[in-house]
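**Q** Given next are the chains, with one letter for each unit.
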Amino acid sequence: GENVEQHPSTLSVQEGDSAVIKCTYSDSASNYFPWYKQELGKGPQLIIDIRSNVGEKKDQRIAVTLNKTAKHFSLHITETQPEDSAVYFCAASDPVFSGGYNKLIFGAGTRLAVHP
Amino acid sequence: SQTIHQWPATLVQPVGSPLSLECTVEGTSNPNLYWYRQAAGRGLQLLFYSVGIGQISSEVPQNLSASRPQDRQFILSSKKLLLSDSGFYLCAFGRTDTQYFGPGTRLTVL
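Those protein sequences? They're chains H and V, same order as listed. Here the numbering used here is used: the first residue of the first sequence is 1, the next is one more, and so on. Here the numbering used here is used: the first residue of the second sequence is 1001, the next is one more, and so on.
Excised from the complex, chain H in its bound form:
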């Protein structure tokens, strides 16, 4: 089955700097890669996603890149702000289809701290 590794586990940056979180996946058949942001005590919030037919996607200060050959994808946050501080999870679809169901395999998470 699919396996997702996420690095680093913790990341500390100064406000205004960029932050990059990287994930690798094992199953080349995976075709959907979402990123979630989880603030303390809350449920994960989908912030951006990318599909295997696209190499890069951007939404304001957030971008995701996908390298299918190397089987890794990355989250890029530019001009970081203190409110970006949270735990970020990557995920990859595990291509098991049963009546339209598609399972997500999550990375272990990255705790991002943005210091003013």
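Keep in mind that the hints were calculated from the coordinates and are not lab data. Positions of the beta carbon are idealized from the N, C-alpha and C atoms, including for glycine. Be a bit skeptical, because a hint or two may be false.
Claimed, not checked - Restraint-style ranges between C-beta atoms, simulated for each label pair:
(1) V:Leu1011 / H:Asn67: 40 to 46 angstroms
(2) H:Asn67 / V:His1005: 37 to 43 angstroms
(3) V:Ser1020 / H:Pro116: 41 to 47 angstroms
(4) H:Pro95 / V:Glu1022: 28 to 34 angstroms
(5) V:Ser1017 / H:Thr10: 33 to 39 angstroms
(6) H:Pro95 / V:Ala1039: 22 to 28 angstroms
(7) V:Lys1080 / H:Ser18: 30 to 36 angstroms
(8) H:Pro95 / V:Gln1002: 32 to 38 angstroms
Once you have looked at the hints, place chain V on chain H.
**A** Frame of chain H; chain V shown alone:
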């Protein structure tokens, strides 16, 4: 718009007591529904998923069970809680591959 609700938000239960957590979804029909557990400082563990009323699949054998009595209602239950059942329980819904999470229930078993 689509929204997902979970209750209660927090729960403290003694070992051996029963459990019932509820999740409801609004603004969509026939969603896929999921229950996840998140231990403190850890990742997301998929417990159950459902593609329709009465259709439940279990990912991890344990003393928890799930039911889907209505299209947009998903319930997580236990007859007797263990200390190891403590954690943050998240319900999610989706169509095909995208999943959206609810606010979660913090369960502490003492």
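**Q** Are the hints correct? Go through all of them and say.
**A** Hints, one by one, checked against the model:
In this structure the supplied range 40 to 46 angstroms holds for V:Leu1011 paired with H:Asn67, their Cβ-Cβ distance being about 43 angstroms. A hinted range of 37 to 43 angstroms for the beta carbons of H:Asn67 and V:His1005 is consistent with their spacing of about 38 angstroms. Restraint check, V:Ser1020 to H:Pro116: a C-beta distance of roughly 43 angstroms satisfies the suggested window 41 to 47 angstroms. H:Pro95 and V:Glu1022 have their C-beta atoms about 31 angstroms apart, which keeps the hinted 28 to 34 angstroms range intact.
Under the hint 33 to 39 angstroms, the C-beta atoms of V:Ser1017 and H:Thr10, about 36 angstroms apart, fit the expected range. The supplied range of 22 to 28 angstroms is met by H:Pro95 and V:Ala1039, whose beta-carbon atoms lie about 27 angstroms from each other. Taking 30 to 36 angstroms as the suggested C-beta distance range, the pair V:Lys1080 and H:Ser18 does not conform, at roughly 49 angstroms. Distance hint check for H:Pro95 and V:Gln1002: the Cβ-Cβ separation is about 25 angstroms, which falls outside the suggested range of 32 to 38 angstroms.
In summary, the numbered hints that this structure violates are 7 and 8.
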